[in-house]
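Listed below are the residues making up each chain.
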Amino acid sequence: MKRIKRGMFAALVTLAAVGLLFGTSPAADKPTVIFGDYGWDSIQVNNRIAAFIIENGLGYPVKYVQGETIMLNTALIQAKGGEAPNVNMESWEENWQELYDEGLAKGKDPDTDEGFVNLGSNFPNSVQGWYVPRYVVEGDAERGIQPMAPDLKSVFDLPKYWKLFQDPEDPSKGRFYSCLPGWACAQVNKEKFKAYDLEEYYNIMQPGSNPALAGSMVTAYKRGNPWLGYYWAPTWVLGKLDMLQLEEPAFDQEIWDTTKACAYPAVKCDILVHKSLPEKAPDVVAFLKNYGTTLDINNKFLAYMQDNEASTEEAAAWFLKKYEDLWTGWVPANVAAKVKAAMK
Amino acid sequence: MMEFPKDIDIPLDVWVDGIMEWVLATFGGFFDLLGTGILYLLLHTESFFLWLPWPILVFGVGILAWRVMGSWLAGLGMAGMLFFVGALGLWDLGMMTLALVVASVIVSLAIGLPLGIAMASSDTFQAIIKPILDGMQTMPSFVYLIPALMLFGLGKVPALFATIIYAVPPVIRLTNVGIREVSANVIEAAHAFGSSYWQILFKIQMPLARPTILVGINQTTMMALAMVVIASMIGAKGLGLEVLLAINRIEVGRGFEAGLCIVFMAIIIDRITFSMASRKKK
Numbered sequence: 002m003k004r005i006k007r008g009m010f011a012a013l014v015t016l017a018a019v020g021l022l023f024g025t026s027p028a029a030d031k032p033t034v035i036f037g038d039y040g041w042d043s044i045q046v047n048n049r050i051a052a053f054i055i056e057n058g059l060g061y062p063v064k065y066v067q068g069e070t071i072m073l074n075t076a077l078i079q080a081k082g083g084e085a086p087n088v089n090m091e092s093w094e095e096n097w098q099e100l101y102d103e104g105l106a107k108g109k110d111p112d113t114d115e116g117f118v119n120l121g122s123n124f125p126n127s128v129q130g131w132y133v134p135r136y137v138v139e140g141d142a143e144r145g146i147q148p149m150a151p152d153l154k155s156v157f158d159l160p161k162y163w164k165l166f167q168d169p170e171d172p173s174k175g176r177f178y179s180c181l182p183g184w185a186c187a188q189v190n191k192e193k194f195k196a197y198d199l200e201e202y203y204n205i206m207q208p209g210s211n212p213a214l215a216g217s218m219v220t221a222y223k224r225g226n227p228w229l230g231y232y233w234a235p236t237w238v239l240g241k242l243d244m245l246q247l248e249e250p251a252f253d254q255e256i257w258d259t260t261k262a263c264a265y266p267a268v269k270c271d272i273l274v275h276k277s278l279p280e281k282a283p284d285v286v287a288f289l290k291n292y293g294t295t296l297d298i299n300n301k302f303l304a305y306m307q308d309n310e311a312s313t314e315e316a317a318a319w320f321l322k323k324y325e326d327l328w329t330g331w332v333p334a335n336v337a338a339k340v341k342a343a344m345k
Numbered sequence: 027m028m029e030f031p032k033d034i035d036i037p038l039d040v041w042v043d044g045i046m047e048w049v050l051a052t053f054g055g056f057f058d059l060l061g062t063g064i065l066y067l068l069l070h071t072e073s074f075f076l077w078l079p080w081p082i083l084v085f086g087v088g089i090l091a092w093r094v095m096g097s098w099l100a101g102l103g104m105a106g107m108l109f110f111v112g113a114l115g116l117w118d119l120g121m122m123t124l125a126l127v128v129a130s131v132i133v134s135l136a137i138g139l140p141l142g143i144a145m146a147s148s149d150t151f152q153a154i155i156k157p158i159l160d161g162m163q164t165m166p167s168f169v170y171l172i173p174a175l176m177l178f179g180l181g182k183v184p185a186l187f188a189t190i191i192y193a194v195p196p197v198i199r200l201t202n203v204g205i206r207e208v209s210a211n212v213i214e215a216a217h218a219f220g221s222s223y224w225q226i227l228f229k230i231q232m233p234l235a236r237p238t239i240l241v242g243i244n245q246t247t248m249m250a251l252a253m254v255v256i257a258s259m260i261g262a263k264g265l266g267l268e269v270l271l272a273i274n275r276i277e278v279g280r281g282f283e284a285g286l287c288i289v290f291m292a293i294i295i296d297r298i299t300f301s302m303a304s305r306k307k308k
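Residue numbers (the numbering used here), protein chains in the order written: chain D, 2 to 345; chain V, 27 to 308.
Only chain V is shown next, with the shape it has when bound in the complex:
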């Protein structure tokens, strides 16, 4: 057996620590500002969902599900699941979680769509971004929780930050793929008619890529929801925190309740957005 030579030792940890300290010292003010902006978005999303009367949301989800899935039974099922969350006494926590997920998805789209478009239009850019996306999806989230905490302080903002790191790659990838899959013949025809780059992008590529992009949004939402327990470790309130507290006290039933609510919310969001993506345009 050959041992790896001990003399080869890259002090990556020291470098990373150094960079982190430098970033904190140099860009601290910038991150404070960014944090304030994100917090503003988050607080208002949250107070909106907490303010939203529950019957409106339950019926709204029921009707929406019925319309997009084309079956009243599905609508009834979705509304029933949401009602069940309230019946377990976890409505407010559920809304906090939903607010975090919605805010994460909004920010993810704001970052992801332009990046995806840029990736589709440049092979070099695609080659650079792809490994970064791989890293974002596979790097264990505990690794960046503490840096997120150092940059943004405790609470909702670092939670959103950590959620976005994990959840943004699908929308970037699928926007890229969707646009690249648009048939070259169609683009050529558009060129022949004298269309500009932006006209081709917004009038041809984006509409044709729409189903693929919607699948990306669907995936992003699901991944954001999967992060809620991790997010609660750095102070995000909601169902994730309920799970964390239940685990800390080994209260299996309480953890299951909160966990089941997360599952139901995932099913509701997934089925509705997926149906929207796969539905033929009328």
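Chain D extracted, bound-state conformation:
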């Protein structure tokens, strides 16, 4: 028995020694552009589009790093170690406003190496609002669902229908699925509830995580149950489910600043880079400043992914082929030529 053990130990040591030979990485003279690969599809496709152009057109090594949103954003501000992201392609900053303000302020402070700079919007026209499944209002003949609330058009119709969205934990009111604690919209929804006089009819439920919020919606949708809550686009969820946005009075800055009794403005979806990047990779930053898509394009490549069961890489390749006129405008002609050559 002892001999076997010793033999095994020797074998393991040999294997470990061979293992030591691996794990070295080649040195590069250009800094690696590290994309924060946040947990949703549109940003991952945007990452791969930008990465393809940066890698093949501008010649920088690229890398993706995955993780939870707040963790990645904290790491983006600190930029500590070789794994910290230095690019965030979709900021959605209202979901982490406090940390965002801190990071932006640090980015302007010359006394610290931390912080990021905002390069402007990726797509300016994202949507957010209150949604119900379309079958709740219009029914769905195919699935044999009768309209449950035929007159539900706007937020002002909600008091009539609270029973439909009954809160199982408090049956005297309806349930509204709001934003996660810490997202700016959580507070906004609260104020809207007051402005629209909904407090006596509905409880606000704050899910603990985005999967929980999306999961409640998807589950209700699959079972043909009513669901009422906040969501935003472009997201794969709204791309996949046929949801109806409840009407609100049109956005008006003055109302927004006081009672919030109007529709949401577009969510800010900007491109952020760590403050050291403009110096280390000026051509990358120039390119990212020009980078810009639209809600429509994002929805299209998300739909492409869904329909063809395509990976995020494939969706990026599809975009580069389909929207050549758009992206060639983001880079100088010689860079565009290199990227085109790499696509073949």
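Mixed in with the good hints there might be a few duds.
Unchecked claim - Rough simulated footprint, nothing fancy, chain V against chain D, three-plus residues with beta-carbon under 8 Å:
1) 30 to 42
2) 66 to 76
3) 82 to 93
4) 211 to 222
Please keep in mind that the hints were generated in silico from the structure rather than gathered at the bench.
Remember, predicted model here, so these are calculated numbers, not experimental data.
For glycine and all other residues, C-beta sits at the position ideal for the given N, C-alpha and C.
Given the coordinates of chain D, work out where chain V should sit on it, guided by the hints.
Then chain V, alone, in the frame of chain D:
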């Protein structure tokens, strides 16, 4: 009903923030160095497991399980479970997870065994360490994820750090208990023969405490494995990240696949190390 007086308000949060900033400013360089060291260990463990050809690992685990558990059926079952991980297309992710767990256990042992021995030899030290261990095991891990991230940056190192905080207590506790349980008569006899402190420790206490310590190592390994999803939130790749991505997209099947692989790896590690611990010495 009596309300708690509002005037009593301990600003612990402010203090903790202050300490954190002070630590970052003062010991930043030290933590960078520590991080580099840990990363070196991690990268090599990982590239070793990724390099290891899969048949060697599958057969190796099968034979090991057969030897220590004394049943060829068990060996076949363990090898089968490992094969299943590969058959789901999650081999590489599984190896990354295994590497993180193995590295965590190595560091945990390096910290835990000496601490456990020290605890066993001093009642005062035991009284100090015990509540700290309670804290490490019950403090929600989200609380120390951000500080870990601030100290070590994103990636494998803070993941290992968070894993160790959660996983090291069992090996410390059980080393302590194991050594303390060694019969006083045996120690007295050793003293009578003129043994020194170190002779008693290494020749008598440690060998007699071995089964208990092995149970501690077994527990530490299981707890390290339980942390992989949390670890993936701060950038550790592997099965945990697969679970996290699947949850983010509400892909139940994909999450189940990765989750099942974690379960299988836990069963394999648990059964083998447990059999090693409970087996009589031949």
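Against the structure, the hints come out as follows:
Judged by the Cβ-Cβ criterion of 8 Å, the segment 30 to 42 of chain D is covered by chain V as claimed, because 3 of its residues qualify and three suffice. Three residues within the 8 Å Cβ limit are the bar, and the segment 66 to 76 of chain D against chain V gives 9, so the coverage statement holds. For the segment 82 to 93 of chain D, the stated coverage by chain V is satisfied: 5 residues place a CB nearer than 8 Å to a CB of that chain, which reaches the threshold of 3. Look at the segment 211 to 222 of chain D against chain V: 5 of its residues bring a Cβ nearer than 8 Å to a Cβ of that chain, three or more, so the hint holds.
Violated hints: none; the structure is consistent with every hint.
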